[in-house]
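There are 2 protein chains.
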Amino acid sequence: MIKQRMFTPGPTDVPAEVLNEMALPIFHHRTEQFRKMFGAVNESLKKLLFTKNDVLTLAGSGTAAMEAAIGTLVPRGKKVLVANGGKFGERWAKVARVYGLEVDEVKQEWGTAITPEQVKAKISAGGYGAVIITHSETSTATVADVKGIAAITRDTDVLLLVDAITSAGALPLKQDEWGIDVIGIGSQKALMLPPGLALVSVSPKAWTAAESVKAPVFYLNLKAYRKSLADSDVPYTPAITLIRGLAKALSMIEAVGIEKLWARIAIMAKATREGCQAMGLKVYSRQPSDSVTAIWYPPGVDDAFRKKLKSKYGCNVAGGQDDITGKVFRVNHMGWTDPLDTLGLLAAVEYTLAELGAKVEIGKGVAAAARVLKDWA
Amino acid sequence: MIKQRMFTPGPTDVPAEVLNEMALPIFHHRTEQFRKMFGAVNESLKKLLFTKNDVLTLAGSGTAAMEAAIGTLVPRGKKVLVANGGKFGERWAKVARVYGLEVDEVKQEWGTAITPEQVKAKISAGGYGAVIITHSETSTATVADVKGIAAITRDTDVLLLVDAITSAGALPLKQDEWGIDVIGIGSQKALMLPPGLALVSVSPKAWTAAESVKAPVFYLNLKAYRKSLADSDVPYTPAITLIRGLAKALSMIEAVGIEKLWARIAIMAKATREGCQAMGLKVYSRQPSDSVTAIWYPPGVDDAFRKKLKSKYGCNVAGGQDDITGKVFRVNHMGWTDPLDTLGLLAAVEYTLAELGAKVEIGKGVAAAARVLKDWA
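Each protein sequence line maps, in turn, to chains F and H. Sequential numbering of the first sequence, starting at 37, is according to my numbering. Sequential numbering of the second sequence, starting at 37, is according to my numbering.
Keep in mind that a hint or two might mislead.
No distinction is drawn between identical chains; accordingly, a pair holds when it is met within one copy or between any pair of copies.
What the hints assert, rightly or not - No more than 25 Å apart at the CA atoms, straight line, and that leaves these computed lysine to any residue pairs for SDA-like: (1) LYS259 x HIS64; (2) LYS82 x GLY232; (3) LYS39 x VAL50; (4) LYS410 x GLY336; (5) LYS343 x VAL292; (6) LYS306 x GLU295; (7) LYS348 x VAL50; (8) LYS296 x LYS344; (9) LYS210 x MET37; (10) LYS400 x ASP411; (11) LYS363 x VAL319; (12) LYS400 x GLY316; (13) LYS39 x ASN352; (14) LYS284 x ALA59; (15) LYS39 x LYS346.
Calculated directly from the structure, the hints in this document are not laboratory data.
Whenever a hint applies, use it, and build me the whole structure from the sequences.
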């Protein structure tokens, strides 16, 4: 009887409408029924990303999406600039090295993101084949200026690969207008699905660059997915049920309009920051993302907070990783999480902090958040 | 993408665990599988009502439960005292008249409930075969002193029939200890199920009284259900899926403990009253029930409030009936509705009132409710 709410920044809550769609009987993928559904999903994904590119769909995680892009598309024999400002930036550097790429890893202080100026200074020196950045670094809840960085790479032959795993569908992101070459996505975030789908949108410039790439991979070779997609098909057995759920989720998103959803998510993030600040808490990131918020624990509070928040109030939040393990908690704003859930979470945060002996005036943070959320509908 | 939350006082939200249980394949009822499940459900229902009585289960609404009890059990040739303080009390008087009973209908001002003193004054005059009261009158969100009234009837030969449709599972109710003869329940309230099940708990005293009753009904004749229940069976085709859901819902309730749930519901009701009062609103009832709260609209606000609350914020509340149509809204606290939902509703109430031009300080009611809800977990 403790209602569980997912405020983890992936997996996020899945709407009953999507779960029900996925509960319908399986059908075969080598059929007109599948190709029709898959073709429609692809059209919706293009709208979501504001792109004319085909968006490739693999059964895999967000990591599979990024590895497929790095392994298949990034030119060999040149340097790859990887912005590492957290766990995921760090991962893309590892992946690039696995593929024998020469990695120039720019380490950022956690809670900050690489700037367009930094990227410009690097690539103007020459010798780079690609830049890999994380739009919203989930581990630090920090947003990078993708638009500004794309403005630098777009008129060069350097590819820009963007990990948009916790940004696509949550933060403003316009692939073609901004000039992004590759976008990688996982299903379990703003798309309101269980994990299991990897999506990759590839620009014509990236496909051209890929021509010279002999990718040492089979399943993750995007060229095979591109070829099949021309017939609204897939090269290997697809996650039919998840794609069916994706069709439903995308139709729900389209019914509202993605820009309206971006605004709603931004308000939830603002309400969370201001609500927590009204409780005397501090936001972790210096460039906070609107898709996920990281908050410092106050003195004397540790990860016992998260356990109590879940067991007593059913609110699931994420903890910190590496150096900030036990020092922060992270809250999702993407997907099916709504402003009224967010308000409930802030009350539960107040109760839990008070129970752990922190000085909190109950209702103060909640009221501050309620004032911000007034404009959501 | 507007998440719908049911704050109507029935049907209430049904947990996914229960919906999933009901989504399992149908099985036949003339089987050991059914009898085993049905026997276990009956044991759980006894615990829920603190009774040794068998609790009869019919496919029907709460009205069917009450009609079955009135038609089958109430002695003929004597008067029936019916407390009418709202739409449901009014209905039981109508039902009693359909069965040719001589009805002494005590009309209460809406928002008040019949008192033990009133009942005592009436039945001490003699000639009564039964008293019918509504524990929690849903139309006025008003609670009656069932324990006090039962203390008067229990040592007489007058039966006490209690409409516990919005009280069983929500408000303190102990059938045997208090001395209640008949309790009627519907499934779509505190039991967290869709509508469709009528439950009737009958005391030995009521069965004895029923011996002389020739009920002019077949389907609703409780004697047939009693006979079958001796073999954990039913006389006519049961609502198998709803009973399966009931088994799950009761197991969830038992895991927490009903007395803990009563306390949680009472806190939600208190938070709703105090939150609304902090917004300058007034509680409708003079004896407010803890299972449902009715709130007066402020001047200048009408049922446009409910439409906006649903369409913009996904919060479904009920309106007023008869003379108070368009003058109040009613909020559920039973079942799967939880304190964090309640807090979200209060924020949505503030926003909606402000949009309709009422004077509201955003966050004030929410903060007041948050302070009350602090003690829920």
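Checked hints:
In this assembly of identical chains, the alpha carbons of LYS259 and HIS64 lie at most 25 Å apart only when taken from the same copy (23 Å versus 53 Å across copies). Taking the closest pair of Cα atoms, LYS82 and GLY232 come within 25 Å of each other only inside a single copy of the chain (20 Å); across copies the shortest separation is 45 Å, beyond that limit. In the homo-oligomer, the alpha carbons of LYS39 and VAL50 lie at most 25 Å apart both inside one protomer (14 Å) and across protomers (11 Å), since each shortest distance falls under that limit. In this assembly of identical chains, the alpha carbons of LYS410 and GLY336 lie at most 25 Å apart only when taken from different copies (21 Å versus 33 Å within one copy).
For the homomeric pair LYS343 and VAL292, the shortest alpha-carbon distance between copies (19 Å) is at most 25 Å, but the shortest distance inside one copy (35 Å) is not. For a Cα distance limit of 25 Å, the shortest separation of LYS306 from GLU295 inside one copy, 17 Å, qualifies, whereas the shortest one across copies, 39 Å, does not. With identical chains, the CA atoms of LYS348 and VAL50 are at most 25 Å apart both within one copy (22 Å) and between copies (21 Å). For the homomeric pair LYS296 and LYS344, the shortest alpha-carbon distance between copies (18 Å) is at most 25 Å, but the shortest distance inside one copy (34 Å) is not.
For the homomeric pair LYS210 and MET37, the shortest alpha-carbon distance between copies (22 Å) is at most 25 Å, but the shortest distance inside one copy (42 Å) is not. Taking identical chains as interchangeable, the C-alpha atoms of LYS400 and ASP411 lie at most 25 Å apart whether they share a chain (19 Å) or sit on different chains (16 Å). Only within a single protomer do LYS363 and VAL319 lie at most 25 Å apart by alpha-carbon distance; the minimum there is 12 Å, versus 44 Å between protomers. Taking CA atoms no more than 25 Å apart as the test, LYS400 paired with GLY316 passes in both settings, with 10 Å inside one copy and 19 Å between copies.
Taking the shortest alpha-carbon separations for LYS39 and ASN352, both the intra-copy value of 10 Å and the inter-copy value of 19 Å come in at or below 25 Å. In this assembly of identical chains, LYS284 and ALA59 lie within 25 Å of each other by CA distance both inside one copy and across copies; the values are 12 Å within and 20 Å between. Both within a single protomer and between protomers do LYS39 and LYS346 lie at most 25 Å apart by alpha-carbon distance, with minima of 10 Å and 22 Å respectively.
Violated hints for the displayed structure: none, as all numbered hints are satisfied.
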